[in-house]
Each structure stands twice: as C-alpha cells, then as structure tokens.
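Once you've looked at the hints, dock chain B against the given chain A.
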Amino acid sequence: MKIKSKQDIFFDCIIYSLLFLCCLITIVPFLQAVTISLSPASEVNKYGLHLIPTSFNLEGYQKVIQHDQIWIAYKNTIIRTVLGTFLAVALTVLAAYPLAKKDLPHRTFWTGFIVFTMYFSGGLIPRYLLVNNLGLLNSMSALVLPSMISAFTLIVTRNFFMTIPESLEESARIDGANDLYILYKIIIPISKPIIATITLWYGVWHWNQWFDCMIYIMDKEKFVLQYVLRQIVLEGQMSDSEMAITDVMVVNTETMKMATLVVATLPIICVYPFLQKYFVKGVMMGSLKG
Amino acid sequence: MQLRGMKKQSNEMKINRFSNTLISYKKNSLFFLMLLPAIIYFVIFHYLPMYGVTIAFKDYYILKGILGSKWVGFKHFEDVFSGLFFWPVFKNTLIISFYKLMLGFFAPIVLAIMLNEVSHNKYKKVVQSITYLPHFMSWVVLSGLLIEILSPSRGPVNILLQGIGLEPIYFIAEKSWFRSILVGSSIWKEAGWSSIIYLAAISGIDPQMYEVAELDGASRMRKIWNITIPSIMPVIIIMFIFATGKIIQDDFEQVYNLLNPAVMEVGDVISTYTYREGLERMNYSYAAAVGLFKNVISFALVMGTNYIARRTSDYALW
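If you read the sequences in order, they're chains A and B.
So for the first sequence, this note's numbering puts the first residue at 1; every next one is plus one.
So for the second sequence, this note's numbering puts the first residue at 1001; every next one is plus one.
Careful, some of the hints might be misleading.
What follows is a list of derived Cβ distance ranges for each label pair [claimed, not checked]: (1) B:Asn1260 / A:Tyr74: 26 to 34 Å; (2) A:Glu235 / B:Met1209: 26 to 34 Å; (3) A:Lys75 / B:Asn1260: 25 to 33 Å; (4) B:Ser1029 / A:Tyr74: 39 to 47 Å; (5) A:Pro53 / B:Arg1311: 55 to 63 Å; (6) B:Phe1240 / A:Tyr74: 34 to 42 Å; (7) A:Gln66 / B:Leu1094: 22 to 30 Å.
Hints are computed from structural coordinates only; laboratory data are not their basis.
Keep in mind the model is a prediction, meaning the values are calculated, not measured.
The beta carbon of each residue, even a glycine, is placed where N, CA and C say it ideally should be.
In isolation and in its complexed conformation, chain A is listed as follows (with noise of 0.2 Å):
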C-alpha cells in the first residue's frame, strides 16, 4: 500500500460524504414511507421528522388486508406479469436466434424493420384505436399483446447470440439435428445469463405497468396493482363496492396509503438482489456491443 497524501485524504473526504448524501436522498423517502405505514394515525398528523417509527401500530395494513380490490390487483397482477413475460421471453428467444445467423435472407433488413419501430411509431391515439378494432378493449390480451416484445431487448439478445462460437452448433447439425432442435438443445442451455436477464427485465416491466391499464380496462375486476394504487395513493380514491357494504364514507388515512406502496412494492425489493445483477449483467451486454 502506498502512503496517502493529505491532499488524497481530503479528496477521498469529499467523495465519500458526496455519495453519502446520494444515498441518503435515495432512501429517505422509502424510510418515510414504511415508517408511515407502521404508524397510528395520531404519530402521523404530529409535526416532526417520520423516519424511525416510535410507536407501532399495523392498522394500516389491516386495512389493506380487508380491501377486496387490492386482492384481485395482486391476483390480476401476477397473472398479467406470468403470463405477459412468459409470452415475451419465447418470441424475442425464437426471434433474437435467427437474427443474430448469418444463413436468415434479408437479415439486415429484417433487423432494421425491427429497430426501426425504437425510433418511430404511431402515438397514443392511432395505437388506442387499434387495439379498439381489434376488440382487445377490457381484457387481458390488451395488456399483454400490444406491448410484448421489446425491440431493444430484442436485439440485446440478438447480440448475446451473436458471440456464441458457430463450431457449438456445427457438430450437432452433421448429426442432423435441425435449428429448432439446436435451439432448444445447445443454445438455450448455454444462454441462461441472458434468459434470466430478459425475464426480469418483462416481469419488472409488467409489475409496474399501469397506463394501459387505466386506458384499456374498464372493468373494476379486471384492474391491476399499480392502477389501484394510484387511485388509492395520487387520487385518494376507496372502491365502491367497499363504501356500499360498510355504508360509511371510509376515510383514506395516510397510514393506510403507505401501507399500500409498501405493500405493492413488496416483491419487486424481495427479488431486488437478482433484479440489480441481472439488471447490470444485461445493460452490459446490450451496450458495449454494436
């Protein structure tokens, strides 16, 4: 090790305290969030900093246990998420495979129909009307199709692909293995880092989907997490059906707001560890390669 100059120390001073303060920007509001939602109603309204609670005081998430249409969201959620990602991952695999061969006729034409889409759409309104024409309106296959693959994650893996050495799958087609076969078989296996990468990448994009949500479901049954959330957090909003049976106007406490995010939030920072590497490991492979 060598010695550090005082003018080092002072550098290294400033530079740790700087990303402290960064980190600190970052996980003040959470802190403030759980604390909240650990707190009773009285502790909430008093005047003061709220970032370790003092008394607690699970009411709040009492309330979010009895709320019906948080229950169907989760449920909603996870079907939407399953689904949604299962969907994705296939098509861009199947899709990525061919596109990253040399042997595909009009490759670079099929990549450039496929990048172009990153650069240029339709907008909000011809897109809403489309999926009004195809009679998607109000059901799950508007949440899942009109957005399944992802040009960019679509080429990411297309160049994950492309660094697989070719002699892999020569041996295996002198044996007269075909390229699904291969695919299946060699590919696959092999490319679990990117697979794992894409599935997160889907699953945490539908977990936080909520816009096309509020624009295509009409249907209260039909709702996802996010959407709900909303409501009850930005819009202050209880559902009917829970007003009609407990016949009261259900004041929407701050405690039970929270209580919520925390809620929704739950499993996206369970997994958050993978999420992070995997993250990385894929921005990464996408980026430093053309």
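This is chain B only, laid out in the frame that chain A set:
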C-alpha cells in the same frame, strides 16, 4: 437488337435473383418461421398504428373507421398550430426536457466518476445498490413517495426548511417549483442506474495511463480531467445522441402522476395534452396530429444529432 438482348438478359437476371431469394428462404425456412411471430407482432402493433396516423389528415369518425373517414388535409395541424392551447404546452415540454437533458445527462457521469474514485469496494457496492433502487419502481410508487416527503407538514424537506427559519413550501402545488421537481425527481430515479454505462466504460481504461500520470505528479482532479473524461468521451457522445431524441418525448408517466390543477400552466406537456385531448375528450384526429408532430420532431432530432456526431467525430449510432 443488342439493346433488346441486354434488356432480356437483365430480366433474366432479375428472375434469377428472385428465385435465388426464394430458394434461400426455402432452405432457411425454419429460421424464417422462428422469426415470423415477431414480424407479425411488429406489423400489427407497430406498423399498423403508423398507418393509423393517417387519421391526423382525416376527420376521424368512429362508425366509418380509419378507411372510411374523409380526408381533410392539414386542417387538424392548422388547428393545432393556430390554437391557443398547444403552444404553452409545447413551451413547457421544451423547457422541462431541456433541463432534464442538461442536468439529467451529466448527473450519472459525475456519479460514475465519483464511484470510480472510491477504493473501498464494499462502500462502492452499497452506494450502487441504494442509488439503483428507484429505477425499479413505477412512477406511481415514486410519485406517492415524493408527495409524502415534500408534504408541508410531514415532509423532511419542509422540516429542514423550518429548521433554518424558512416558511414551509407546498412544493407539489407551487408553480415556481413544479418544473424543478420534475427535473429533480427524474434525476433521483435514474442517475444511479444510468451511471452503469459510464462505470463500464471507465473500467475499460488502461490502468497504465493512470500510473504514468502519477509518475508525472498529476493530482486526482487532473487525472479525472485528462484521462478519465477523454477516455469515456465516445460513450458520452453516443449516450448524448440517445438523450437528444428524448428532448420532446416527455416522460408521460412521471408528469401525469405529479400533475395537479394548481400547476397545469407550467407542467402540462405534449404527452399529457395528447392524452387529455385524445382519450378524455375524444378529439382523435386532433390528438393524432399532435402526436405525429411530436414523433416527427423526435425522429428528426435523433437522425440530426446522429448525422452531426458522425460528421464531427468517429462515433455515431449508425
């Protein structure tokens, strides 16, 4: 005679080339079949809406459909550009996006350079894990958090302000603060995440360069300025081209979730405006015209900056 012969020859060549193409498709039919579902998907959900853009030049009438509606030329564009409501929205978009581009673009570079100066590996990892976190959350969650921490009575920001003797500010509903909140929160969400690309670029720098500089007695700032930044310049340029394309692609999810009646005047942007006109008021053709205008500008921006980058440096997207 000779001419005709040549023509015949070239026709034959065309036919030959065509049949060659057919043969190569046939030979690789399995490859093409694997690609086919994706092609169908892109045709239906990406190219068909591009055709649907024609409603911007028609009086779209639901019962008649896109094909049956009457052509009206540039009528809707004239309405858009001569109307009172479009220009303030356009101005808001440009101002907000400009600040997002300027500040939001450099924040991750600064963060990456700072992270690179950290020699303590564990500290570096912790900082990264924390700063990546907001990237994985939806704007619904983050807006909820933001409103909470900026609240006049409970928010730490206001408590801090009062601590130093200032009046609390109701940030979210304050016109003079709203744009800063949009810019600040988008940096908060993405800076950590966007720094990955620059960190990767930095890790590719030859360590010998730093060693040589050290022998010459260069300070840490000097090394950052003369080695780190020039070495990652290609990546910075490419990322900048990407970013300019977004200058008019305002972040709908963010703005829509934070927008409230009090700040409409300064916070309403093209995408929220398109949404309201198109899907809430059902002015389909008018909104499609606004959307098309936006897409054309954004496309031109990407192409333009790419062209300039290719002309002035060796780095470009294509």
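Consistency of beta-carbon spacing, B:Leu1094 to A:Gln66, with hint 22 to 30 Å = violated, 47 Å
query = Okay, B:Phe1240 versus A:Tyr74 on CB: inside 34 to 42 Å?
reply = holds, 41 Å
B:Arg1311 and A:Pro53 - C-beta distance against the hinted 55 to 63 Å = Holds, at about 59 Å.
key: Range agreement (Cβ of B:Asn1260 with Cβ of A:Lys75, hint 25 to 33 Å)   = Once the Cβ atoms are compared, 31 Å apart, the range 25 to 33 Å for B:Asn1260 and A:Lys75 holds.
task = May I ask you to test the hint 26 to 34 Å on the CB atoms belonging to B:Asn1260 and A:Tyr74?
result = About 28 Å separates the Cβ atoms of B:Asn1260 and A:Tyr74, which means 26 to 34 Å holds.
key: Outcome for the supplied range 26 to 34 Å, where the beta carbon pair is A:Glu235 and B:Met1209   = Since the Cβ atoms of A:Glu235 and B:Met1209 sit about 55 Å apart, the hinted range of 26 to 34 Å is violated.
request  = Please test the hint of 39 to 47 Å on the beta carbon pair from B:Ser1029 and A:Tyr74.
outcome  = holds, 44 Å
Of the numbered hints stated above, those contradicted by the structure are hints 2, 7, listed in ascending order.
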